[in-house]
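Chains F, D, G and A, in that order, are what the protein sequence lines are. Note that the first sequence covers residues 709 to 1033 in the numbering used here. Note that the second sequence covers residues 9 to 339 in the numbering used here. Note that the third sequence covers residues 53 to 375 in the numbering used here. Note that the fourth sequence covers residues 75 to 401 in the numbering used here.
Each statement offered as a hint is correct.
Below, simulated PhoX-like cross-link-like pairs (lysine-lysine); rule was C-alpha separation at most 20 Å, straight line: (1) G:K303 <-> G:K336; (2) F:K898 <-> A:K261; (3) A:K224 <-> A:K191; (4) F:K988 <-> F:K717; (5) A:K261 <-> F:K907; (6) A:K191 <-> A:K288; (7) G:K249 <-> G:K239; (8) A:K288 <-> A:K264; (9) F:K993 <-> F:K717; (10) A:K224 <-> A:K194; (11) D:K265 <-> D:K207; (12) D:K123 <-> F:K816; (13) G:K303 <-> G:K249; (14) F:K898 <-> A:K224; (15) A:K264 <-> F:K898; (16) G:K249 <-> G:K273; (17) F:K985 <-> F:K717; (18) A:K264 <-> F:K907; (19) D:K264 <-> G:K336; (20) A:K224 <-> A:K261; (21) A:K288 <-> A:K261.
The calculated label-pair distances, taken between Cβ atoms and stated as ranges, are: (22) G:K336 <-> D:T258: 25 to 31 Å; (23) D:G206 <-> G:E74: 51 to 57 Å; (24) D:F294 <-> G:E236: 46 to 52 Å; (25) G:L86 <-> F:Q934: 39 to 45 Å; (26) G:P88 <-> A:G95: 57 to 63 Å; (27) F:I1022 <-> G:S299: 40 to 46 Å; (28) F:K898 <-> A:N382: 52 to 58 Å; (29) D:G136 <-> G:K99: 48 to 54 Å.
Hints in this document: simulated from the structure, not taken from any laboratory. None of the values given here were measured: they were computed from a predicted structure. Every residue gets a Cβ at the ideal spot worked out from N, C-alpha and C, and that includes glycine.
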Amino acid sequence: MASKKNNSKEVIALLRRMWLIRAFEEKVSALYAERQIVGLLHLGIGQEAVAVGALSLLRDDDLVYGGHRSHGHAIAKGADINKLMAEIAGRATGYCGGKGGSMHIVAKECGFITATGVVGGTIPLALGAAFAAKERKKRQLAVVFFGDGAGQSGPFHESLNIASLWQLPVIFVCENNGYAEFTPLSAHTKIERLAQHAKTYAIPADTVDGNDLFAVREVMSQAVDQCRAGKGPAFVECLTQRMRGHYEGDPAKYRELSQLAEWKKKDPIARVARVLKNQKALTDKELAAMESEAQALAEKAAAFSLSSPWPAEIEVDSQVYAAAS
Amino acid sequence: MEPQPTMPEQTYLDAIRSGLEEEMRRDPAVYIFGEDVALGGPFGVTKGLAETFGANRTVNTPISEATVMGLAIGTATAGLRPVIEIMFIDFITLAMDQLINHAAKLHYMSGGQLKIPLTVRVQCGISGAMGAHHSQSLESWLAHVPGLKVVMPANPADAKGLLKSAIRDDNPVVFIEHRGLYWSKGEVPANEQSVAIGKAALMREGTDLTIVALSSMVAPALAAAKELAAEGISVEVIDPRTISPLDIETIANSVKKTSRMIVTHEAVEHGGIGAEIVSRVQQEVFYYLDSPIVRVAAPFAPVPAGPTLENKFLPNQERIVAACRRAIAPS
Amino acid sequence: MRELAYYEAKFEALNEIMTGDERVHLINGTFLSLSPHRHVFQNLQKKFSARMFAPPISELGFCGLATGAAMAGLRPIVDLSTGSFIYEAWPQVANEAANAYSMSGGQTRVPVVFHLFHGLRGGGAAQHSGSPQAMLWNVPGLEIVIPSSPRDVKGLLKTAVASDNPTIFVDHTRLLDVRGDVPENDKPIPFGVADVKRSGSDVTVIATSYTVQVALQAAAKLAKEGIEVEIVDPRTLVPFDLATILSSVEKTHRVVIADETHQSCGVAAEIAARIAESGFDRLKSPIRRVSTLDVPVPYSPGLEAHIGPSEARIMDAVRAALA
Amino acid sequence: MFVIRHFEENLVALHDRGVFGGHYHLYVGQEATGVPALACLRADDYLFTTHRNHGHLLARGVEPKKLFAEILGRVDGLNKGKGGSFHSVAPSLGFLHSSGVVAGIIPLSTGTAYASKAQKNGRLTVCLFGDGSLEEGAAPEAFNIASLLKLPLLFLCENNGKYGTGRAVAAAQSSSMAAYPLTDLPKAYKIPAQQIDGIDAGLVHATISEAVEKIRRGEGPQFVEAQTVRYPGSATNWPTVPAPTDTALAWDVSQVPENAREWYRSADPLLVYVRELVEANQAKRDEIAALESQVKSAIAAAVDFAVNSPYPQPEEAERDYFAKSPL
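The whole structure should be built from the sequences, with the hints applied where relevant.
So, in structure tokens, the structure goes:
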């Protein structure tokens, strides 16, 4: 049924979304280099196919939880890139009024519930959302993104256990980019595929090429259908690679350039573009236009952010506690 | 909601149960999570709730404190009003990251977009020689965390009233019960009466000295006050009930009147909530103080298991009285 | 006298410790957080890779591993890096390591060091700016070390490793590039001995960690106003040297406590309470606390700067103490 | 096995008499796991155990009188009265620390194993825990690290939830552990794991000695799940003794209360072992009865010792929270 979803019109929209993420993150990276943005930044350049592929199949009212590398997930769920960039820049006009920053994006209006700075920190939160959804019987889903680094943390295992026991409508999306912070996965565990853990807890799991938009959608659509039908959790492991270091400013010496060159061949955006071209759905000219369009939007977001006011100091001790409702 | 029979005399434990029951009846979004809660929990606090409201609202969880805490927080981000029971406060150590890095911060980090109406029920304290993994009082950790509220009821009425406020609060509230108080009895006013979080209670009026006592130390403090009254020393006893936010105004006003104060709690003195109370009071009413504020709390040691050691470890009426005498007549 | 950067002194200590005692193993982290001076760690790695373990992201797991290894006679130093991550290891640190010696009636020793970076680091936001030391001060069984200068970091790190107790070594990324005198083959610095970082007669400022450096700058400015500040650095919270502080208060009668943990139940609260109890008669004005405001650490730079124990806030508090 | 059994039964009696107040857990029903398993170890091996530790300590040779004294909080106790039932230790026998926190010891056990490997002293670590511990994230974190580093570590999971009662039902795989069989968890980390009947002393001894050999050969961690049936006396919060153990019960359980009879008939490892010995003509009934009465009187003496041991000086409460440091 995924193939049905892949009519070229829709694929073009997806490509546009992928370009938007790429352009957005490259702009963020540039601003960081110029010291116009400070703080701890984690970019997902090269992982766009996972975010867009996975979230393109969700309903607006599905709930998404991210990790520390989640700009792309927020955009894929429909976040406003102006508010997103402004948040990363610590401005008053940001989604969180400058209180959250890059690692703590919350865009509730579009169902991106929260990111976290703690590896694997939102996995249990997603269980809760799934529990609530199940109770409300609205066939809502919770989707949580995390990296392979989270696979060695206790709460990850506790969560698989509980999700399976209680048959919760949650989809675990593992972005296995082969690196936990600075260390290759092989140095962290003897398990090559994190999907194996899900299977241990009797959760249906699949591993796909995360740089292949169509493959991600194929597997994800099965997961969504199963979850939506109330048949319990699903686990989708996407093998991908990030082009950047762990955080901006990380020299990333621990990765050989050959790997990067290798990766460039697999660039998820180029791959989709190729397909559309072969289908004669888009010309080079249109593709180029799409790219510059995205870059223009990113530029506008940057301009909006940098011209936005800093939060007022009075803001500093507001919103520590919610006022009685 | 349907009316409940009023219960003049009730144990602390039953008061908590009826508080839970009334709130679950009042609001279908209230859910209970915890180990064995559907079976009543280790002390029977949640007894019967699964039968009344169904096992889907009184949920037995695996022994996975970290994840169950996160799960409860997650249900709160999705609109429920979870109540999670951590069997012993000692085991909250296992859920610290979810509680401190997530529950306490999500509202603020999200610029107010998210609310976490979470109640964390734990029981603490020394009762029955359980040793250093089942007897601790760890409230000051939690009072140190902006975004959390922390309450410590000392009697059945406050237990029920504060629990209701905690469940109705839109913020994460840690509700710290004392195991040693579970079977103590007291008057409990008619249902639906909640006790405001952040308001101290004046337990006894006096003019010569103020005792600020928490949780299990309120009773010995009142006994000490009686003992001293016989000697003509008039002692005022205040129970803060909530330690975050702290009702410093009530305490400071009392000290303005008495000019002398001691603080007593069961937790280890160093880094305890007493330190915060002393600092605040001396800052607010320094020039009213006639003698140093003394803390009567546990020594800087893990809780020993042996009963004699336990007794030595526990602050008690005797030590409170001695401290009061020192404060009245500094040597 | 020889001047070193803080990070150089720290790695000199690590190098001497590793060379001198083969029971010492380094677990996780680079002891530099994200600082660019990685080469010093890589040099150490070349020499001692056999005694280094880069574990998975399992704080609970590898802090337990270190604790167990210490019980069995090793002297592991764990780098938790970002202080907030200790919350994931909390059961092993606060429930196992801290209690083992006492619960065993003095039989089982746990000579482990948990090293972490606390505090405001610039954009760390609420989850990467934690200062857990105030909570840990409420945990009997843990020693807590909190250096503020190149000389102290070297001398205290050596004592921490030599100690037979679980020790929390509280470091601060903003200290790494601070320079200062570090004598050649300097002696280890005993725990429980405070250090007067600046002497003065008007107000005692008790400061910890990076805030000592901030307070020194504040003091220099206040000197121009004719206010002489005495700065006392406890250097270790457990054990705590109250005597040195009280003798300073004897002289100044006025106290400001500057520390980067949150105010409520923070480090400053405990210090203030002790002085108010034992030094009450020497005080001429209330003890003032300059702590991090009781809010989660905000991301935006202006907000972050606003909540910390800044030079300006310390100066205001000193003036208020004299008013 | 007799020592453990009569120790625990006397402990229940002491508690019912109000001689001590603390919460405690019995090892009754698991004797055929702990005793043969620990017999496979070297004197210098490390052991970590949990709140259910009495049987392990006794099986390893702890003097009953000292364990009684500790549980009663007396000065002659293993920990001088500071640990109690939850935290009794015996470092000279390799028990460095017993944790009252579920799964608290699992990460710790990787540490002693790590140290042994670093020190190349051939010492092995045995981590003894219950099935409930596997619900804590600490367990998989430790499995992963143990497997990664090929640590000399034996995970011995005592699953007393087999057709159990009370909490055991809630703890059975179906309701709180999705992984089944439990051995799938360590296997996921490439740790060899097997499930055996913990009531069969011979099987336990054979399995554990083989596992121990492999570990000593440097093959890395091993996992064994020993299944036993929950002792009816442990069904509630406060343990009881449905029927005092006596060799005679091995052949006639008519005196046992109806509700507990089946356990004594088929699931009591001690009585099973007694029958085996007799049927194999390795011992006569009266010899065993004689042995048991010796143990009974030894235990009675140990009880007297503990009850008459003084309480520690209260001031002790403030001592021993810091080791004396060189500086």
